[in-house]
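Asks: Sequence:
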Amino acid sequence: MFSLDFIVTVVAIVLSGTILQHVLLSAATDEPPFIKGPVPFLGSALAFARDPQPLLRNLQQKYGRIFTVYVAGQRMTFLWDPIFGNRQAWNNTSCLSLGLFTQYIVQSLFGFTKSVVADLEFLDQLAKKVIAVLSSKPLLADIIKTLQATYLSLVDDNSRYANCDEEVINLYEYCRHNVYYSSARALFGPGFPFEKIYQPYIRFEDHITKFLKLYPRFLNKEGYNARQEVLDELGSFFADPHRVSQSSVLVRSLYDIFMASTHKSSADFAGYFFAIIFASKSNSVPAAFWVLANIVADAGLKAEIERIIATHYDPESDEFEWTALMEDPLIMSCFKETLRLNTNILSGRLVTHDLTLKVANQSEDDSKNVRLREGSTILMPLDMLHWNPEVYPDPMKWIGKRFLDENKGVLIRNADKWRSYAPWGGGGHICPGRHLAVYEAVIQLVYTLARFDVEPIEDLPAPIIGDRYGAGMLKPERGYHVKFTRRKAPLMSVV
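So for the sequence shown, the numbering used here puts the first residue at 536; every next one is plus one.
It should be emphasised that the hints constitute simulated quantities derived from the structure, not laboratory data. Where is the CB? At the ideal position from N, CA and C, for every residue including glycine. One or more hints might be untrue.
[What the hints assert, rightly or not] Under the rule of at most 16 angstroms between Cα atoms (straight-line distance), these lysine to aspartate or glutamate pairs were calculated in the EDC-like manner:
1) Lys837 - Asp988
2) Lys1018 - Glu701
3) Lys903 - Asp691
4) Lys1018 - Asp833
5) Lys664 - Asp791
6) Lys1023 - Asp659
7) Lys663 - Asp791
8) Lys952 - Asp988
9) Lys745 - Asp586
10) Lys1023 - Asp586
11) Lys936 - Asp791
12) Lys1018 - Glu708
13) Lys799 - Asp775
14) Lys936 - Asp853
15) Lys1023 - Glu757
16) Lys932 - Asp833
17) Lys756 - Glu740
18) Lys1023 - Asp853
19) Lys799 - Asp586
20) Lys893 - Asp565
21) Lys680 - Glu856
22) Lys756 - Asp775
[To be verified] Between beta-carbon pairs, the in silico distance windows are:
23) Ile640 - Asp849: 39 to 49 angstroms
24) Pro673 - Gly910: 39 to 49 angstroms
25) Ser796 - Ala838: 51 to 61 angstroms
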């Protein structure tokens, strides 16, 4: 047995070493300003976990467009430079790796097997297939056609909303279910178990910050149980080739790549496809909600949008001119403004080799070279670009007409010189589902306003930032209740 004196001595030595290591932490003069934080080893971890946004904003005001924060033993460099730095970081694939950055995240969040996580070449092959499918005009057209038909079936004369007469509904739950269901049906096919996993998936998504903050299982029991339900159902699906054969081109194409590899277990399939579901739904669903909700909340704007929809509607065929609607400047401005205000993503890369970035100080005429060290992480918070008052006056206000041409130089400044709008990320890893996400939002907007008179009965909810900072498209802090009344006549005859 060790004596009490021995134990105290060992603890004192360990603590002294930790404190000394913290004191000696530093950065070279050619590196970003370094904030090591007040607590040995943890650094700024406690403040970062509590609410990163005010911490980062204060540091930005003090240190400028780039700085490094020490968090739980890791050097995390934050960059928001729309003039030079962000573009270089997004386009540099020789020294900055997205795959290595996401390795740990996908394993801890979605239950990736260790063998799949470690096989970056295999993951790259899968990613290229996703891009190929979603970039194919014929395949994307088929997906969109199914999306339209499925969404329409959720609001037509045979739906639960067929006889709405000032029925109070939660618009967020309406959007969440309808966009998830129609999009999953279109993207994954009729044989895919998207209906069975809907409820556990929603519960998982609602607990995602606990996963990101590494809560132990006993403090996140509901989240872990929900994740396991999704994984079990997906594993069962991929164990049955007949069921897989009834799924979409995307699912079958990815399945074939798995079967040609060494990663053939149900767990291999389940973790990867869980991540695909999350990637395709976690951001597009709230984006579609915010587009519809913000328009509904503004009576004048809603009337304008309804007139646009009516103009491109043929009552005889009950069809819409979708190309014209997708190209309408006001509808697209509303969509872009929604992404500007509500996209809250930390775009990250792992630094695999030392590299130097050119970073602007206050203008393109005033810059400096900054070295990033191998093994550190670089994070680019998109809100720091999108909420910059130098570019977007009144940045925290949703202005549906902000992106109209007539408002360039007024509600958007320096747009041609600075890349201050990047909701899809950038470089070689730009979001492959971006075109589908636009269709999801517009299809919901058109079918909802064409078939219902939607009347708000309360103020819009605020978005949740706080502990969800960097976790994706912002979600509302509560539901948004509105009155739904089924239109008795086509929209064109009442606007």
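Asks: A separate judgement is required for each hint: does it hold in the structure or not?
Replies: Here is how each hint holds up against the structure:
Restraint check: the Cα-Cα separation between lysine 837 and aspartate 988 comes to about 10 angstroms, which is no more than 16 angstroms; the hinted pair holds. Straight-line distance between C-alpha atoms of lysine 1018 and glutamate 701 comes to about 5 angstroms, which keeps the hinted pair within the 16 angstroms bound. A C-alpha spacing of about 59 angstroms is found between lysine 903 and aspartate 691, which places the hinted pair above 16 angstroms, so the restraint is violated. For the proposed pair lysine 1018 and aspartate 833, the alpha carbon gap of about 15 angstroms is at most 16 angstroms, so the pair holds.
Under the criterion of a C-alpha separation no larger than 16 angstroms, the hint pairing lysine 664 with aspartate 791 is consistent with the structure, at around 11 angstroms. With a CA separation close to 51 angstroms, the supplied pair lysine 1023 and aspartate 659 exceeds the 16 angstroms bound. Distance check on the hinted pair: lysine 663 and aspartate 791 sit about 14 angstroms apart at the alpha-carbon level, within 16 angstroms; holds. Restraint check for lysine 952 and aspartate 988: the C-alpha separation of about 42 angstroms exceeds 16 angstroms, so the hint is violated.
The suggested pairing of lysine 745 with aspartate 586 holds, with an alpha-carbon distance near 14 angstroms, which does not exceed 16 angstroms. The hinted pair formed by lysine 1023 and aspartate 586 fails the criterion: a straight-line CA distance of about 48 angstroms is larger than 16 angstroms. For a cut-off of 16 angstroms, the pair hint linking lysine 936 to aspartate 791 is broken: about 45 angstroms separates their Cα positions. Note on lysine 1018 and glutamate 708: the hinted pairing holds, with a Cα-Cα distance of about 14 angstroms set against a maximum of 16 angstroms.
This hinted pair checks out: lysine 799 and aspartate 775 have alpha carbons roughly 12 angstroms apart, not beyond 16 angstroms. A distance of roughly 29 angstroms separates the Cα atoms of lysine 936 and aspartate 853; the hinted pair therefore is violated under the 16 angstroms criterion. Proposed proximity of lysine 1023 and glutamate 757 is contradicted: the alpha carbons are some 44 angstroms apart, above 16 angstroms. Proposed proximity of lysine 932 and aspartate 833 is supported: the alpha carbons are some 13 angstroms apart, at most 16 angstroms.
Annotation: proposed proximity of lysine 756 to glutamate 740 holds, straight-line Cα distance about 13 angstroms (limit 16 angstroms). Proximity of lysine 1023 to aspartate 853 is assessed by CA-CA distance (about 14 angstroms); at most 16 angstroms being required, the pair is judged to hold. A C-alpha spacing of about 40 angstroms is found between lysine 799 and aspartate 586, which places the hinted pair above 16 angstroms, so the restraint is violated. In summary, the hint linking lysine 893 to aspartate 565 is supported, as the alpha carbons are separated by about 11 angstroms, within the 16 angstroms threshold.
Between lysine 680 and glutamate 856, the direct Cα distance comes to roughly 13 angstroms. Compliance with the 16 angstroms bound is thereby established for this hinted pair. For the hint pairing lysine 756 with aspartate 775, the CA-to-CA distance comes to about 29 angstroms; that exceeds 16 angstroms, so the pair is violated. Here the CB-CB span from isoleucine 640 to aspartate 849 is close to 47 angstroms, well matched to the stated 39 to 49 angstroms. Under the hint 39 to 49 angstroms, the C-beta atoms of proline 673 and glycine 910, about 44 angstroms apart, fit the expected range.
Here the CB-CB span from serine 796 to alanine 838 is close to 55 angstroms, well matched to the stated 51 to 61 angstroms.
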